[in-house]
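Please model the entire structure based on the sequences and the hints provided.
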Amino acid sequence: MIKLKNITKHFQSFSIQSLNYTFENKLYQLQGDNGSGKSVLLKIIAGLDRNIKGEVVNTKKKYPILFLTDTGIGLPYVTINDNIKMDLVQTV
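Numbering of the sequence shown is given in the numbering used here, commencing with residue 21 and proceeding in unit increments.
In silico DSSO-like cross-links for lysine-lysine, where the CA-CA straight-line distance does not exceed 30 Å:
1. K63 / K73
2. K73 / K29
3. K46 / K23
4. K80 / K58
5. K58 / K73
6. K46 / K63
7. K25 / K46
8. K46 / K29
9. K105 / K23
10. K46 / K105
11. K80 / K46
12. K25 / K63
13. K58 / K105
14. K58 / K29
15. K80 / K63
16. K80 / K25
17. K105 / K25
18. K63 / K105
19. K73 / K25
20. K105 / K80
21. K80 / K23
22. K63 / K29
23. K46 / K58
Listed next, with one range per pair, are the computed distances between beta-carbon atoms:
24. G74 / D53: 18 to 26 Å
25. Y48 / D69: 14 to 22 Å
26. F31 / E75: 18 to 26 Å
27. F31 / M106: 32 to 40 Å
28. N40 / K80: 13 to 21 Å
Since the hints were made in silico from the structure, they are not lab data.
The beta-carbon is built from N, C-alpha and C at its ideal position, and this holds for glycine as well.
Here it is as structure tokens:
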């Protein structure tokens, strides 16, 4: 389970303010318009953006948080699921 506690991040065009949410142990889909903060939120959850106020709590520390983007990270000739599985094997 991942808990977001009072997450706040400001930008010129938008801000995330006092976001509280608990992600249970299941699959989620994040949708939104271009520039709405989807990647920002995922980077915060993955720990790639620590310039925030608030706290991200991963209660299952033995399971890594993976973040795949559409910018060509991973092997292009392999499915997203296989890229994730390979990354999980490498992090164990």
